[in-house]
Amino acid sequence: MLKELWPNPKAQQKQLILVSYDENLKALRQVFNLCSDIVFHEFIINSEHPLRAFILYASPLCDYQIICEQLLKSVLMSNGPKGVKITKANAIEVLKEKLISLAEVVVANNLKEIEDKVLQGYAALLIEGSPLAIIVNVKGGDKRAINEPDSEPSIRGPKDGFVEDFETNMTLIRRRLKTSRFKSIIMEKGELTKTKIAVCYMEGVANPKVVEEVKQRIARINSDSILEGNYIEEMIMDEKFSLFPLIQYTERPDKACSSILQGRVVILIENSNMPLIVPSTFTTMLQAAEDYYHNSIAASAIRILRIIALNLALLLPAVTVAVFSFHQELLPPELISTVSGARQGLPLSIALEIILFEFTFELLREAGIRLPKKIGEAISTVGGLVIGQAAVNAGIVSPISVIVVAITAIASFSVPNFEAGISLRFLRFSLILAASLLGGIGIMFGLMGILIHLCSLRSFGVPYLAPFAPLVLRDLKDSIIRAPWWFLTTRPRTNRALDVIRQGDSQGPRKPKKGGGQS
Amino acid sequence: MTRKSRVLAQCFILPFILSSLVWCSGCWSSKEVEDLALVTLVGMDLRIENGQEIWKASALVLCPQSQTQGEQAGQESRERYYEGEGPTPQTAILAYSRAMSRTPFYGYISGYIIGETVAQENLIHFVESASRYWQTRPRNVYFLARGQASEVLKAGGSLDNRLSIELTEFTDHRATATGRSIGVYRYEFEKWLASNDRDAVLGVIQTVPASEASYKPGKDQGEEAQGGNESGSKQNNSASSEESNSTQENLVEGIGVFRDDKLVGYLNREETEGCLLISRQITKGEMAIAVEHDNQLFTYFLFKSKSKIKPLVNNGRISYQVIIQTAGGVNDQPGFTLGVKEIRELETAVGEQLKAKALAAIEKAKEYDSDFLGFSQALHRSKPKVWKSFGSNWRQAFTTADIEVIVKAQITKTGKLGDKLEVKRASE
Amino acid sequence: MLMFVVIMSTGVLVVPSITIERAEQSAWFAALLSLPVALISLGLANALGKRFPRKTLAQYCETLLGKYLGKLAAFGFLMFLFAVSIIVTREFSDYINIMLMPETPIILLNVILLVIAIYAAVKGLEVIARIAQFILPLFLGSIIIIASLALFDAKLGELLPFMEHGLVPVISGATLPATLIGQIIIVTMLFPMIRTPQKVAKAGIVALVCSGIFLTLLTVISIAAFGPKLPGDLLFPFVTLARYIKFVTVQRLEFLVVFIWVSGIVVKVSIFLYLESVAIMQIFALKNKAIIFGLLFMVHTVLATLPFSNPQETNLVLTKFWPLISFVFELVVPAGLLFIALLKGQKVVLRK
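Residue numbers (the working numbering), protein chains in the order written: chain U, 247 to 765; chain F, 6 to 433; chain P, 112 to 463.
Calculated cross-link-like contacts (lysine-lysine; reagent style DSSO-like; alpha-carbon spacing at most 27 Å): (1) K267(F) <-> K340(P); (2) K340(P) <-> K388(F); (3) K486(U) <-> K398(P); (4) K340(P) <-> K313(F); (5) K315(F) <-> K340(P); (6) K313(F) <-> K357(P); (7) K486(U) <-> K440(U); (8) K371(F) <-> K340(P); (9) K311(F) <-> K340(P); (10) K266(P) <-> K313(F); (11) K388(F) <-> K266(P); (12) K413(F) <-> K266(P); (13) K486(U) <-> K234(P); (14) K486(U) <-> K400(P); (15) K340(P) <-> K390(F); (16) K309(F) <-> K266(P); (17) K266(P) <-> K371(F); (18) K266(P) <-> K315(F); (19) K289(F) <-> K357(P); (20) K393(F) <-> K340(P); (21) K266(P) <-> K289(F); (22) K266(P) <-> K360(F); (23) K266(P) <-> K390(F); (24) K405(U) <-> K429(U); (25) K357(P) <-> K309(F); (26) K234(P) <-> K455(U); (27) K266(P) <-> K311(F); (28) K36(F) <-> K357(P); (29) K723(U) <-> K757(U); (30) K357(P) <-> K311(F); (31) K266(P) <-> K393(F).
Stretch-level coverage of chain F by chain P, calculated; a stretch enters the list once three of its residues show a Cβ under 8 Å from a Cβ in chain P: (32) 131-143; (33) 182-196.
Everything labelled a hint here was simulated from the structure, so no lab data went into it. The C-beta atom is built at its ideal place from N, Cα and C for all residues, glycine as well.
Model the full structure from these sequences, guided by the hints.
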């Protein structure tokens, strides 16, 4: 079935452009049969013997203005360059070299190439009597403007975010890395989508083994379509199943560039506004780009806050369950009588209560994301406030579980990595279960299980828990804390960077010597 | 295909088996907060009928605060009284547990009150059962009830409404500070009982009629302390006793002295203070001591004291030197001039007074043949050979020894006034 | 670092009790005294390891003693490993059962612990080592927090008089900590897997000295807080120590103990399970990991649950028979092997 609808690409590739104008037109019309968006524009080139010609382009991908003003105008309105006659034989050459005033002009000789290029937003110009086609870049069409990254907003720091357009994304990176050592290798994957994938890295900084590994893993992919980063993310991961994101992604070009500068590899994917970053470790989940734009002390404090938030989001409900139903003596004595009074006459045990409420909260969250922005906000307010209050008043749950779930929710939003947030939710539920069965011991066992899992993970050869396990002392300066810039003289070892030195030593601020000043 | 399914199996079957195992077997130790009866204080009495021990356990249980809409303030949490009897402590405890509608929970227990009879007859039985139980904590407090422990529990607390909190507070902060009694933690009591060179003491709690216990002028006023009124130092004020309906109130005062595992006697007020001066270090004291000087009384407000016991061996004869250092202030005095020289004189007077207290405690210890002041312990530590030579009669090393008490009392604070407030006086 | 966690995890809980019972106020010295014994055992292990850098103990037993005798010796060593891990498992569930959850059946605790440990063991040595590395700072931090907070109310005077009853009780008190930190002998099994065998001796010494110091410290604090007699009567003085802490409003720190205990025990049991699996593979020439771990799981569950009916029996084994067995395998066997190796003229092989 498939084969019939989809002619063998190899056979097609060999199909060269013929001298016969009509044959060519027919063949191409055949290829683009029923493709309503492909435009065939026939015209006549003004020369000694009027030459028939046609251009072919995919209208949604092209800029009409370029086609009209630059391409058609230069071909139709001129009488050719002075002293040169356009003939059948030299038409292609003359047009290419003397007439068409566009940046990217190439010559193709087979239909397959024309087809590919046209579908990428080029226009093909075929002229009577010539077995070659001129292919001009007339890319345009609608694309989203560069605006602030929604998922990783920042207060200080650049406000541009990646968009879906591949070239724009490249621009955003290249603007920041003005060196020829920044390499990007483009691969094309997906039989039907023909998605461009660029492996970007800094030569001499990134470990060639890692780059090679990335290339190999991407080359291995054989899929019909790649629409988003995760299509390849799950195929190039180290582990078959992992609860934690082994590959990072970002919407911020500054973050992508800083990753490249640290010796990591960025995988840019066409039509995705979230490039992938490998290798990624546990600590990167907790780092936001803004950390590097603020005062190092403040940034370190915020990172510590985030770690606390992570722990809260993971553990708070489980610990509450454990304390309330196993280790009551851990509650402060002043609280216990209030608590036991408040919990009196409630139908559900604390574990069920918290599970129920966490579940409600997850529902709200999912609903809030799916709905239009305005309604989403309304939903979360109504859900959070009204349901919580009503449930307490109705005597279904105790105020404690509402508080716990609310704190957990707030804490879980402060984890910068969304993907990590998802795995966190999953683990949170498992830990609540463990806690409701075995109390604190259950939680400890659960945590040990998670730790074993984390320790066994690797991301492109880098242990996931680095720099803590294995301990890399020099990398600790940019893990829990963020040391001042003058102290960050080396690139993280854990990325297996080649060139470790990043900047000179002792560039810290210095007070001017007394008396040495000019004033 | 097979490989994939195997991986899947590995990933899902194991957790499944685990969880089903756990689910099927249920959760054993889990108990909900609202199903617990929080026991805060346990009292234990013993009486012997027809040669058989009958233990009577009593307990205070915290009543949970009922949550009425919005207004919780003003409602103090209260404690309810339970009691039960049985041939062993545990059976007695079970007897009252049966009367409760919830599972008793001892994680919040603040302490134990030992009835006088228990202390005299079979202390160890109870102490061990308390120590063995897994929910008890080393920082629980022990008190000795003069009379029945159950009476004490029945009378309940006064200022806080919760006796348990009062007793913990007392042990943590006030016991040594006021010089009324001694606060003893469980681990300390057990340590003393287990040690081979020291005897145990406990703070004494007793029930007295409310009228006797309640009215108290502030202790800072010197004449009251001198007043010799034995009942006189409950720190609650009259307001609380008016509110409280019970006619009986609890009063913590004095120290009960043990010899080995038997209660042998009590210390009165003077001796209690002496005992505290010797065996404890006072850091945040508020002990007001009336001292006579020039036939007039003034108050020495002691807030710090330190003591050291030095065993000396001369020609096989053992003597001890007790050095007590105190610091205090003079806040009220009947018109002395507080110059530098006068303060020296006052300090000597204070020293004499404190020395008398310490000697009284030592006398009592010798009388009871109980070494609760830690003299033998000091000997054991610094001169183990001498101590060893006494063998099981180690208390003799204390009872037969000469004991010298040196008090270095200091007056470090004299308040806002200079020498004195010059007032005109009626000439005599 | 791995060894430190392995040793401390059980050491923390059990050592103070038994040592103090025997040596009373001089127990801290006993804890310190056990250090040299363990150092000897490390020295033996290192000497053997240098001679057979690519082989585990089970393998060079055969080289040295011939096929049958060697297998027998290796089997004995395997039994020793078994004994350690089973007793440790049992200690763990006893502790939980006594101090935290009296109603929960011991078999369940054993099963869960073993499942987690086997999960780690299946993942291999590297993962276990990384876990150890990760929890070490938290582990140390918790111990230090408990120790320092307990120190506020402790009276160092309780440590006097020193060596009241002479050296004998001190030495007898030192046997248990000695066997515990003597478990360093398991490095003989680890040698071929370590990337830098030259550093083993150094790391081992650091681990031993650290654990010796920490054990001593804990014993000191236990005595200072509870006097020379009481900790001997308590089953788990360290837990009681944690419960005893009351520093302003900081109290009820038992959860830290649970943290130390669970994380340490998981690491310890998993490393022993791993070694057992390696030893079994080498002795019986088995290949299938699933079968081996399944077997190990069964054996441990059964043996850690059935033979002891109450914690007193575990304690009895620990105090009476355990030191003897341990000394045989921690000192006598390696010493014998080294002796034979010397006789046979094995030379130190330098590995590239």
